[in-house]
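Number of protein chains: 4
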Amino acid sequence: MSSKIIIGVMGPGENATPDENIMAFDLGKAIAKEGWITLTGGRSFGIMDAALKGAVEGGGLTIGVLPGDTEKGSSDHAQIKIVTSMGSGRNYISVLSSHVTVVLGMAAGTASEVALALKSKKKVILLNQDEITIRFFKNMGSYNVLVSKDVPETIKHIKEFVGMNKLA
Amino acid sequence: MSSKIIIGVMGPGENATPDENIMAFDLGKAIAKEGWITLTGGRSFGIMDAALKGAVEGGGLTIGVLPGDTEKGSSDHAQIKIVTSMGSGRNYISVLSSHVTVVLGMAAGTASEVALALKSKKKVILLNQDEITIRFFKNMGSYNVLVSKDVPETIKHIKEFVGMNKLA
Amino acid sequence: MSSKIIIGVMGPGENATPDENIMAFDLGKAIAKEGWITLTGGRSFGIMDAALKGAVEGGGLTIGVLPGDTEKGSSDHAQIKIVTSMGSGRNYISVLSSHVTVVLGMAAGTASEVALALKSKKKVILLNQDEITIRFFKNMGSYNVLVSKDVPETIKHIKEFVGMNKLA
Amino acid sequence: MSSKIIIGVMGPGENATPDENIMAFDLGKAIAKEGWITLTGGRSFGIMDAALKGAVEGGGLTIGVLPGDTEKGSSDHAQIKIVTSMGSGRNYISVLSSHVTVVLGMAAGTASEVALALKSKKKVILLNQDEITIRFFKNMGSYNVLVSKDVPETIKHIKEFVGMNKLA
Numbered sequence: 049m050s051s052k053i054i055i056g057v058m059g060p061g062e063n064a065t066p067d068e069n070i071m072a073f074d075l076g077k078a079i080a081k082e083g084w085i086t087l088t089g090g091r092s093f094g095i096m097d098a099a100l101k102g103a104v105e106g107g108g109l110t111i112g113v114l115p116g117d118t119e120k121g122s123s124d125h126a127q128i129k130i131v132t133s134m135g136s137g138r139n140y141i142s143v144l145s146s147h148v149t150v151v152l153g154m155a156a157g158t159a160s161e162v163a164l165a166l167k168s169k170k171k172v173i174l175l176n177q178d179e180i181t182i183r184f185f186k187n188m189g190s191y192n193v194l195v196s197k198d199v200p201e202t203i204k205h206i207k208e209f210v211g212m213n214k215l216a
Numbered sequence: 049m050s051s052k053i054i055i056g057v058m059g060p061g062e063n064a065t066p067d068e069n070i071m072a073f074d075l076g077k078a079i080a081k082e083g084w085i086t087l088t089g090g091r092s093f094g095i096m097d098a099a100l101k102g103a104v105e106g107g108g109l110t111i112g113v114l115p116g117d118t119e120k121g122s123s124d125h126a127q128i129k130i131v132t133s134m135g136s137g138r139n140y141i142s143v144l145s146s147h148v149t150v151v152l153g154m155a156a157g158t159a160s161e162v163a164l165a166l167k168s169k170k171k172v173i174l175l176n177q178d179e180i181t182i183r184f185f186k187n188m189g190s191y192n193v194l195v196s197k198d199v200p201e202t203i204k205h206i207k208e209f210v211g212m213n214k215l216a
Numbered sequence: 049m050s051s052k053i054i055i056g057v058m059g060p061g062e063n064a065t066p067d068e069n070i071m072a073f074d075l076g077k078a079i080a081k082e083g084w085i086t087l088t089g090g091r092s093f094g095i096m097d098a099a100l101k102g103a104v105e106g107g108g109l110t111i112g113v114l115p116g117d118t119e120k121g122s123s124d125h126a127q128i129k130i131v132t133s134m135g136s137g138r139n140y141i142s143v144l145s146s147h148v149t150v151v152l153g154m155a156a157g158t159a160s161e162v163a164l165a166l167k168s169k170k171k172v173i174l175l176n177q178d179e180i181t182i183r184f185f186k187n188m189g190s191y192n193v194l195v196s197k198d199v200p201e202t203i204k205h206i207k208e209f210v211g212m213n214k215l216a
Numbered sequence: 049m050s051s052k053i054i055i056g057v058m059g060p061g062e063n064a065t066p067d068e069n070i071m072a073f074d075l076g077k078a079i080a081k082e083g084w085i086t087l088t089g090g091r092s093f094g095i096m097d098a099a100l101k102g103a104v105e106g107g108g109l110t111i112g113v114l115p116g117d118t119e120k121g122s123s124d125h126a127q128i129k130i131v132t133s134m135g136s137g138r139n140y141i142s143v144l145s146s147h148v149t150v151v152l153g154m155a156a157g158t159a160s161e162v163a164l165a166l167k168s169k170k171k172v173i174l175l176n177q178d179e180i181t182i183r184f185f186k187n188m189g190s191y192n193v194l195v196s197k198d199v200p201e202t203i204k205h206i207k208e209f210v211g212m213n214k215l216a
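Residue numbers (my numbering), protein chains in the order written: chain L, 49 to 216; chain E, 49 to 216; chain A, 49 to 216; chain H, 49 to 216.
Calculated from the structure, these hints are not laboratory results. Incorrect hints may have been included.
Because identical chains share one entry, a pair is satisfied inside a single copy or across any pair of copies.
What the hints assert, rightly or not - Derived DSS-like pairs (lysine-lysine); straight-line CA-CA distance at most 27 Å:
1. K169 x K197
2. K169 x K207
3. K186 x K169
4. K186 x K197
Here the structure is a predicted model, which means the values were calculated and not measured.
If we strip away everything but chain L, and leave its shape as in the complex, we get (with noise of 0.2 Å):
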């Protein structure tokens, strides 16, 4: 039986925008949609609900990789729910979980999944990313990381890195 996909969606919670988290909804949906599982810091607002809400509706699989120790504060889409007990160090967990991870939005949270990935040689792809963002982490690991400007160019760019590796 061959293992599943997992697709991190990372992004702020409380500080995403409006049209940060409607991208994030579209994202899950579109990921649900390709088969593949979409993860996330499973809170119950933010990029982090707006995306596994967005995978439930297209009817995929979801996974919240959440911060207290119990399931208490969950989003009410995260239907495995991964209970670590670590506050944010459960950032590193989440991007390790995942054979790609989506960054949406950009907060000090955010940039820590981001830098852990990189850390791990794991592949990133910042999605509607401001210039400094795009150069901060390009200089860190250019092989790993992709830059999209939606939802269809991320998808694209998902399934270049899977296939890379031989994921499927």
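Chain L is fixed; fit chains E, A and H onto it per the hints.
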């Protein structure tokens, strides 16, 4: 969308007996038949591997919570691989993420999982354990510990626990 | 510059008996007199607090490996605070960082520390434990487990372990 | 007994430049002269090793927060070894345990430490960083970020932060 029910199956790796491995296989298969997810420590031998293999054979979904920082060494039967980079530190995540933990065979890592589960008021079923083990753990969390002799009794106990917590 | 020797003292929090707390205080003081560092789970009550208090009174250095993501709730006697944000997940770090772990009193968290220490082939001294506890843990790591009745015997055993490993 | 002040020094391992290693040594030495503890990721090369070596030479106490599950690979200058078995997951513990984190040189692991520190509202000093790095991190936590050009300015900034928090 309701959360999926996850049953952890914990037990020794290299030191599991052939009989324990057979029982773990049967248990994974029975868990799958109930529609529950089987979660283990995800390595490619012992109870971890046998329970996942049984669950896949029973048509169920499986999660391996892996010790390393890559998927290397994973059981072929772990469909969803949670990559922790925590070694035995992942034991806490395994039990926190399991709605009920079943323990089969005994070794130091397994004992840590029972203890961490009880510390967190999680439900534990001691399957086919000796008198010392039962008395040791009953002393530290009697309401959350049930004892079973075989797979059917274990499934019955899981249903009691799942019902008590309205997890379904 | 040689590495400092760290002795972990593990035991219950709220449920420690007054006699156990007195013994933990005496043990911390005796560890300090030997020039060793005392490490505990760092909270402000029970064995964790009492051992650190004794160690400070004995003129020793102390480490608290804390559960939260800030120093809040720390024992006043933890001079060096390691802030883990891992709850009981820190138990693994506590025993891995201790050259020898002494266990005094028993509860679920404490049992997880003994088990994780033995899983990692670390040295453990069971101080003033009952017969079931001793038999349970002896079964899973007899060469790394010693039993003691009081503080002087514990210090003698620590010296044996420290000598064996040429830690000094 | 008051808590000791811990200053984290974070930076690249293999990819640190000779000039950065010299600056890390000088910084460790200057931290020690102030009576503060120096904490790093504890490995035997790069900024981690150089800062600890300087701190020991300055008569200070040192902590290495190690990635493996044993002391193997530790800097010889880490007097207190915190053994985490978490790989880069330990980065969160390193910054949470540091009252102020100084960042010198830049790589993916280092970037994750800055980001995790800012996520947790911890104080960070960017030492000798380029314009992109400064702008990237200033955007996500300006009140908690200070910039310095050399070791004396860094020590001055640490004192401001320590005073602000009444850590002393």
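| So which hints don't hold here, by number, going up? | Hints that this structure does not satisfy do not exist here, as all of them hold.
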